[in-house]
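Undergrad: Since the structure of chain A is already known, use the hints to place chain B on it.
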Amino acid sequence: MKIKLLSIPVNDQNQALSFYTEKLQFVKKLDIPVGGDNRWLTVVSNEEQDGPELLLEPAPKEFRPTRDYQKALFEAGIPYTQFDVDDVQKEFERLTGLGVEFTTHPTVMGTVKIAVFNDTCGNLIQMVEIL
Amino acid sequence: MNRYNREIAKIKDACYSKQWQLDTVIGIKPYIDNHYQDDLNLDLFSRIKFVSKYHLLRLYKRYYGLTPKQYLIDKRVEMSKVYIRDGMSITEACNEVGFESLGSFSALFKRKTGFTPTEFQKSNFREVE
Numbered sequence: 001m002k003i004k005l006l007s008i009p010v011n012d013q014n015q016a017l018s019f020y021t022e023k024l025q026f027v028k029k030l031d032i033p034v035g036g037d038n039r040w041l042t043v044v045s046n047e048e049q050d051g052p053e054l055l056l057e058p059a060p061k062e063f064r065p066t067r068d069y070q071k072a073l074f075e076a077g078i079p080y081t082q083f084d085v086d087d088v089q090k091e092f093e094r095l096t097g098l099g100v101e102f103t104t105h106p107t108v109m110g111t112v113k114i115a116v117f118n119d120t121c122g123n124l125i126q127m128v129e130i131l
Numbered sequence: 001m002n003r004y005n006r007e008i009a010k011i012k013d014a015c016y017s018k019q020w021q022l023d024t025v026i027g028i029k030p031y032i033d034n035h036y037q038d039d040l041n042l043d044l045f046s047r048i049k050f051v052s053k054y055h056l057l058r059l060y061k062r063y064y065g066l067t068p069k070q071y072l073i074d075k076r077v078e079m080s081k082v083y084i085r086d087g088m089s090i091t092e093a094c095n096e097v098g099f100e101s102l103g104s105f106s107a108l109f110k111r112k113t114g115f116t117p118t119e120f121q122k123s124n125f126r127e128v129e
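If you read the protein sequences in the order shown, they are chains A and B. Going by the working numbering, the residue at position 42 of the first sequence is 42; the numbering climbs one at a time, nothing skipped. Going by the working numbering, the residue at position 86 of the second sequence is 86; the numbering climbs one at a time, nothing skipped.
Looking at chain A on its own, in the form it has when it is part of the complex (with noise of 0.2 Å):
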């Protein structure tokens, strides 16, 4: 068994795809037809594109628990994942450029350095840096 693919549901596939590959530097994988104007849309990152793929699943259009689940976690300020990068303080103030908010500023806890961002498509992103 592989970990091939891990999902995040977006609010609108077409906002989550211009912002995971304009802002977040992310590059397209697959894009497939599944009925109605949904897709099977993932990304992976530009740095590591043979690694896993990640989903920007519809879900939250289609099925209440997971809008519900999603907006709780957002609303508690809760990342629904999290993305390595090797210099926070770098990505922070490229992203805070690009327009992005932050609702977690560059923050060292222990033996990392995290802050989390709005994806805009209704989760919150936490990315890491370990020191």
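Honestly, the hints are just simulated from the structure, not real lab data. Each residue gets a CB set at the ideal place from its N, CA and C atoms; glycine is no exception. Hints are not guaranteed to be accurate.
[Claimed, not checked] Residues of chain B placed beyond 12 Å of chain A at every Cβ, according to the derived structure: (1) V25; (2) D38; (3) Y83; (4) I90; (5) E100; (6) L102; (7) L108.
[What the hints assert, rightly or not] In the DSS-like style, the derived pairs of lysine-lysine whose C-alpha atoms are separated by at most 27 Å in a straight line are: (8) A:K2 x B:K49; (9) B:K75 x B:K122; (10) B:K112 x A:K2.
[Unchecked claim] Here are some, though not all, of the chain A residues that point toward chain B, as calculated from beta-carbon distances under 7 Å: (11) A72; (12) A76; (13) G77; (14) I78; (15) T104; (16) T111; (17) L131.
TA: Only chain B this time, still in chain A's reference frame:
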């Protein structure tokens, strides 16, 4: 302040209040990242950090969840994958990342990745084709 930021503040107080302990272990990971080809060992790290090696070992394991040696092995295996993908021979990659014995390198590679270096090399070659 949202709930998450309050939780972070609580965890910082509860788990990460001993700054001198953190200062002892922080910096070893980037040192390993930059010197993984060299003959690194706990004696060297303890000299760099001015603490006993047993104390350093305990602290590192506590805060990072693995020992410096385990992290060094992970780093070397990860870098050897990069070198093999780039076309280096297995023996060259083994030497390049600081392993002295091809046998121990192959065994560790298999344990960490699930493939022998040769299997890994072949699978990547096929992908390129």
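Undergrad: Take a quick look at D38 of chain B and tell me if its Cβ sits farther than 12 Å from every Cβ on chain A, holds or violated.
TA: Non-interface label on D38 of chain B holds, nearest chain A Cβ at 21 Å vs cutoff 12 Å.
Undergrad: Below or equal to 27 Å on CA atoms is what counts here, so check K2 of chain A against K49 of chain B.
TA: Not satisfied, since the Cα-Cα distance of roughly 39 Å exceeds 27 Å.
Undergrad: Verify the proposed pairing of K75 of chain B with K122 of chain B, using a straight-line Cα cut of 27 Å.
TA: 22 Å, holds
Undergrad: Test the statement that L108 of chain B is away from the interface with chain A: the closest C-beta pair must be farther apart than 12 Å.
TA: Holds, since 20 Å exceeds 12 Å.
Undergrad: Verify that the Cβ of E100 of chain B lies farther than 12 Å from every Cβ atom of chain A, and report whether the claim holds or is violated.
TA: 28 Å, holds
Undergrad: Taking the closest pair, is the beta carbon of Y83 of chain B still more than 12 Å from chain A?
TA: Holds: least Cβ distance 16 Å, greater than 12 Å.
Undergrad: Using 7 Å as the Cβ threshold, decide whether I78 of chain A counts as touching chain B.
TA: Since chain B brings a Cβ to about 5 Å from I78 of chain A, closer than 7 Å, the hint holds.
Undergrad: Just double-check I90 of chain B for me: nearest Cβ-Cβ distance to chain A has to come out over 12 Å.
TA: Fine: 20 Å to the nearest Cβ keeps I90 of chain B off the interface.
Undergrad: Is K112 of chain B within 27 Å of K2 of chain A, Cα to Cα?
TA: Holds - the C-alpha atoms of K2 of chain A and K112 of chain B are around 14 Å apart, at most 27 Å.
Undergrad: Using 7 Å as the Cβ threshold, decide whether A76 of chain A counts as touching chain B.
TA: 4 Å, holds
Undergrad: Does G77 of chain A pass the interface check with chain B, least Cβ-Cβ distance below 7 Å?
TA: 3 Å, holds
Undergrad: Hey, does the T104 of chain A contact hint survive, CB to chain B under 7 Å?
TA: Hint on T104 of chain A: holds, closest Cβ of chain B at ~6 Å, below 7 Å.
The structure does not agree with the numbered hints 1, 8, 11 stated previously, though it agrees with the rest.
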